[in-house]
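There are 2 protein chains.
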Amino acid sequence: MMPYSKQTLYMKLYEQFKKMINDNKYKAHEKLPSKRKLADSLKISPLTVQAAYDQLIAEGYIYAIEKSGYYVSKKVDVMPLITQKRKPENQEISTEDTYTYEFKTNIIDTSFFPSSTWAKLTRDVLAENHHETLNVTDPKGILKLREEITRYIEVYRGIQVDPSQIIIGSGGSQLMSIVIDILGRKEPYAIENPNYPKIYHLLKGNDVKVSLIPLDASGLSIQSLEQSSACIVHVTPSHQFPTGIVMPIHRRNELLNWANQSDKRYIIEDDYDSEFRYQGKPIPALQSLDQNDKVIYINTFTKTLAPAFRIAYMVLPKKLLPKYQSLILYHGCTVPNLEQLIMYRFMHEGYFERHINRMRNHYRHKLDILKDVIDMYPDALMIGQEAGLHFLLMVKKQVLESDWIEKARQHHIFVTGVSQYDHVRDFNHTEFPTLIIGYSGMPTDDLENAMHTLLGAIGLQKHEKS
Amino acid sequence: MMPYSKQTLYMKLYEQFKKMINDNKYKAHEKLPSKRKLADSLKISPLTVQAAYDQLIAEGYIYAIEKSGYYVSKKVDVMPLITQKRKPENQEISTEDTYTYEFKTNIIDTSFFPSSTWAKLTRDVLAENHHETLNVTDPKGILKLREEITRYIEVYRGIQVDPSQIIIGSGGSQLMSIVIDILGRKEPYAIENPNYPKIYHLLKGNDVKVSLIPLDASGLSIQSLEQSSACIVHVTPSHQFPTGIVMPIHRRNELLNWANQSDKRYIIEDDYDSEFRYQGKPIPALQSLDQNDKVIYINTFTKTLAPAFRIAYMVLPKKLLPKYQSLILYHGCTVPNLEQLIMYRFMHEGYFERHINRMRNHYRHKLDILKDVIDMYPDALMIGQEAGLHFLLMVKKQVLESDWIEKARQHHIFVTGVSQYDHVRDFNHTEFPTLIIGYSGMPTDDLENAMHTLLGAIGLQKHEKS
Chain W
1 MMPYSKQTLY MKLYEQFKKM INDNKYKAHE KLPSKRKLAD SLKISPLTVQ AAYDQLIAEG
61 YIYAIEKSGY YVSKKVDVMP LITQKRKPEN QEISTEDTYT YEFKTNIIDT SFFPSSTWAK
121 LTRDVLAENH HETLNVTDPK GILKLREEIT RYIEVYRGIQ VDPSQIIIGS GGSQLMSIVI
181 DILGRKEPYA IENPNYPKIY HLLKGNDVKV SLIPLDASGL SIQSLEQSSA CIVHVTPSHQ
241 FPTGIVMPIH RRNELLNWAN QSDKRYIIED DYDSEFRYQG KPIPALQSLD QNDKVIYINT
301 FTKTLAPAFR IAYMVLPKKL LPKYQSLILY HGCTVPNLEQ LIMYRFMHEG YFERHINRMR
361 NHYRHKLDIL KDVIDMYPDA LMIGQEAGLH FLLMVKKQVL ESDWIEKARQ HHIFVTGVSQ
421 YDHVRDFNHT EFPTLIIGYS GMPTDDLENA MHTLLGAIGL QKHEKS
Chain Z
1 MMPYSKQTLY MKLYEQFKKM INDNKYKAHE KLPSKRKLAD SLKISPLTVQ AAYDQLIAEG
61 YIYAIEKSGY YVSKKVDVMP LITQKRKPEN QEISTEDTYT YEFKTNIIDT SFFPSSTWAK
121 LTRDVLAENH HETLNVTDPK GILKLREEIT RYIEVYRGIQ VDPSQIIIGS GGSQLMSIVI
181 DILGRKEPYA IENPNYPKIY HLLKGNDVKV SLIPLDASGL SIQSLEQSSA CIVHVTPSHQ
241 FPTGIVMPIH RRNELLNWAN QSDKRYIIED DYDSEFRYQG KPIPALQSLD QNDKVIYINT
301 FTKTLAPAFR IAYMVLPKKL LPKYQSLILY HGCTVPNLEQ LIMYRFMHEG YFERHINRMR
361 NHYRHKLDIL KDVIDMYPDA LMIGQEAGLH FLLMVKKQVL ESDWIEKARQ HHIFVTGVSQ
421 YDHVRDFNHT EFPTLIIGYS GMPTDDLENA MHTLLGAIGL QKHEKS
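Line by line, the protein sequences give chains W and Z. If you read the first sequence in my numbering, its first letter stands for residue 1, the second for the next number, and so on. If you read the second sequence in my numbering, its first letter stands for residue 1, the second for the next number, and so on.
Just so you know, these hints were derived from the structure itself, not from any lab. From a predicted model like this one, the values you see are computed outputs, not experimental measurements. Every residue gets a Cβ at the ideal spot worked out from N, C-alpha and C, and that includes glycine. Careful, some of the hints might be misleading.
[Claimed, not checked] Taking lysine to any residue pairs in the SDA-like style, the calculated list, with each CA pair at most 20 angstroms apart, reads: (1) W:Lys19 with Z:His250; (2) W:Lys74 with Z:Ser221; (3) W:Lys19 with W:Ala58.
[Unchecked claim] Output of the computed footprint for chain Z on chain W, the stretches with three or more beta carbons under 8 angstroms from beta carbons of chain Z: (4) 32 to 42; (5) 169 to 181; (6) 242 to 251.
Produce the entire structure from the sequences given, and follow the hints as far as they go.
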């Protein structure tokens with residue numbers, strides 16, 4: 001197969017005939033010159049003519065009748081391929097502001113990524129079983145990785161399930177798409193408000209009815225959930241985004257009781273960030289309290305490894321497995337086997353646990369630095385810093401959240417406010433404006449300066465020196 | 001953070017209190033013993049009591065009132081976590097028959113995969129720009145890979161587009177899901193019949209109306225398409241699956257003319273397998289004939305690299321880009337950056353072209369071996385072997401397709417028939433039973449034996465020796 005750029009003699013001939021046919025120099029079913037006659041008159045090899053005619057046949061311009069010759073095919077108003085030069089337009093030049101400091105929640109400190117281990121494991125896997133690495137296997141994901149995840153979530157999240165209930169996917173959103181396919185688009189959904197915009201838009205994009213449920217101090221309001229028509233609710237009990245609320249046990253039980261009232265009701269537990277809890281032992285997942293196959297559990301390695309790694313997993317209740325089985329006709333596993341086998345070894349050989357412990361210490365250190373700065377300001381308060389990779393920063397000062405964010409921008413700091421994640425009200429926290437401080441991606445050396453600048457931007461004063 | 005398995009003193013105390021609260025030994029809002037009193041009576045450190053109480057607070061079992069003490073939280077009928085041992089059930093033991101030979105269309109010959117190149121490129125990429133590799137970038141995929149794909153499809157498929165029109169995804173199905181989100185679920189779809197079951201089930205799973213359009217000798221019947229109510233049609237013009245029909249130019253133009261009749265009409269061109277054409281130059285993609293932003297082009301590296309690699313791409317018409325932009329709120333790129341950067345280098349440094357050429361020669365060699373065997377049988381016929389990684393095997397013998405497949409199974413050969421891909425009729429080819437011979441995954445040394453056995457299974461006779 002030759003690329004279009006290399007023009008050979010037979011291709012020139014082919015192009016000429018194609019043009020003549022397109023320009024109606026030949027009519028439909030008209031006979032072309034015989035190979036020999038044409039070769040003689042052009043003083044070229046009959047094989048060259050043959051090659052050109054073959055290509056015209058392959059593309060359907062002409063047809064051959066045995067022992068008779070070559071004829072032009074039936075024609076249809078032809079729209080020729082206009083070979084205008086491509087102008088390099090719309091080259092996606094970023095129009096974003098350049099910031100000195102970015103408090104973002106979706107980036108991590110990549111300097112800690114165990115690159116050499118990952119490269120070594122890649123080499124090892126590629127040197128091994130080719131068939132397992134390269135050909136399609138189980139749509140749920142590779143069994144030994146699912147077994148490793150089963151062990152991990154039993155020890156760290158109190159979840160006791162069978163590997164057959166684990167589905168591996170390319171991220172939380174991709175797994176949510178499968179959940180929607182399983183649970184259908186007829187029953188109404190509910191999500192926490194405020195929350196990640198992704199979940200909301202994903203549901204809306206699936207033409208699903210979505211209720212927005214407000215939060216109280218314990219997280220999602222069960223009363224509001226009851227009042228909505230929702231059958232399926234998406235929650236972040238370990239560390240609500242963005243408020244950081246850890247759902248207490250009574251609310252978890254209320255939520256499970258809500259689900260137990262109808263066969264159609266399900267809870268989707270998004271356990272993002274749960275690996276990072278800075279004191280005590282981990283809080284068991286909501287799934288671990290579920291006795292009635294009501295909780296679909298979703299987690300990702302995005303926050304623990306790297307956002308660009310795209311490996312996530314979910315736990316399906318056993319009673320939903322038959323419905324999943326009927327879907328795998330079109331849902332193949334989207335994660336490359338190579339990646340899955342490396343992840344398996346990364347977990348199995350203890351690298352993952354060590355990596356998480358290392359990152360947890362690193363993030364705790366970052367938190368301590370920020371806490372020391374914030375403690376200097378009597379009117380600034382940290383909320384929800386016990387877990388996860390962000391906390392809330394509230395100030396006791398009459399200022400609009402949006403004004404604070406704009407002032408930060410003028411000081412070249414990127415930051416978002418809680419109001420921006422509120423889907424319902426277009427409100428603006430005045431009494432206690434609250435920013436979301438994602439600190440995981442900011443270099444350690446920048447933290448102090450960045451926080452002082454952020455608080456100074458609205459004229460906050462430090463304690464008197466004592 | 002300690003895993004559940006390591007029981008420390010504070011955790012024992014925490015577990016004890018949790019049990020007492022769950023068993024209603026403590027009522028809601030009842031006060032717990034003070035830290036000092038409890039430490040004294042148990043002869044343990046007050047710090048241990050503090051740690052246990054902190055964990056109970058974190059999980060919402062108790063709350064603290066400053067300068068007063070610790071109280072049991074509001075209670076809800078509690079469903080305790082029953083820590084029964086997991087029985088290893090449903091370990092997914094394959095119940096499949098074991099076959100000596102498999103004529104499958106979705107596997108490839110992995111012995112040719114350039115593992116050492118891939119491992120080297122992985123090491124190189126990991127040694128380089130960490131931020132680019134590990135953090136989330138453009139939802140369409142990494143720009144330099146999209147630029148490389150743009151160059152590739154211009155040279156090999158005659159497609160002239162801007163990199164901003166390229167979207168990278170984890171496979172044909174995942175990209176089809178995005179297409180459905182873009183075009184919506186209201187307009188009816190049409191697909192070729194017979195065809196891949198995946199596309200049909202994917203559309204059905206999206207609650208979309210699907211018409212099945214029969215084929216004639218030129219592929220999809222335009223007359224039937226006109227008679228259906230469909231607005232969006234999915235086609236495989238380069239190599240129809242499973243019939244292998246290459247759509248001729250007049251049918252391509254008819255199809256484009258159909259699309260041009262209404263603003264709502266679109267064509268989805270699935271260009272799978274198009275890299276493997278064994279003679280002449282490649283046939284330009286349908287997309288290259290399109291003047292009116294009517295064709296969405298999808299292709300994948302699955303067949304060229306390895307099924308488990310999960311990198312595919314599509315070309316969106318410019319007028320659909322704004323709609324896509326509104327969706328990226330929840331559709332992040334599902335392909336890991338690492339994989340994308342390796343693929344970029346694999347293409348940019350010329351490995352990809354060399355790999356395809358090598359594979360093309362290898363597959364042509366396999367085809368020749370099979371052709372030599374089939375040519376020995378006067379009643380057996382190869383169809384559609386000019387391109388792709390499968391062909392049709394038809395026999396002039398009165399036998400049911402299903403009987404042939406069953407007889408093959410008895411000879412430990414896996415093979416499928418054309419009827420199995422027909423979504424409409426439950427028919428069974430009797431006059432000319434036709435099998436689908438996917439040869440890409442079968443070891444070269446097995447081909448001769450496998451084909452002789454397959455043809456012998458229905459008692460087909462070889463030519464008299466001449």
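Hint check results:
1. W:Lys19 with Z:His250: 14 angstroms, holds
2. W:Lys74 with Z:Ser221: 15 angstroms, holds
3. W:Lys19 with W:Ala58: Roughly 16 angstroms between the alpha carbons, so the hint for Lys19 (chain W) and Ala58 (chain W) holds.
4. 32 to 42: violated (count 0)
5. 169 to 181: holds (count 6)
6. 242 to 251: holds (count 6)
The structure fails to meet hint 4 from the earlier list, while all remaining hints are met.
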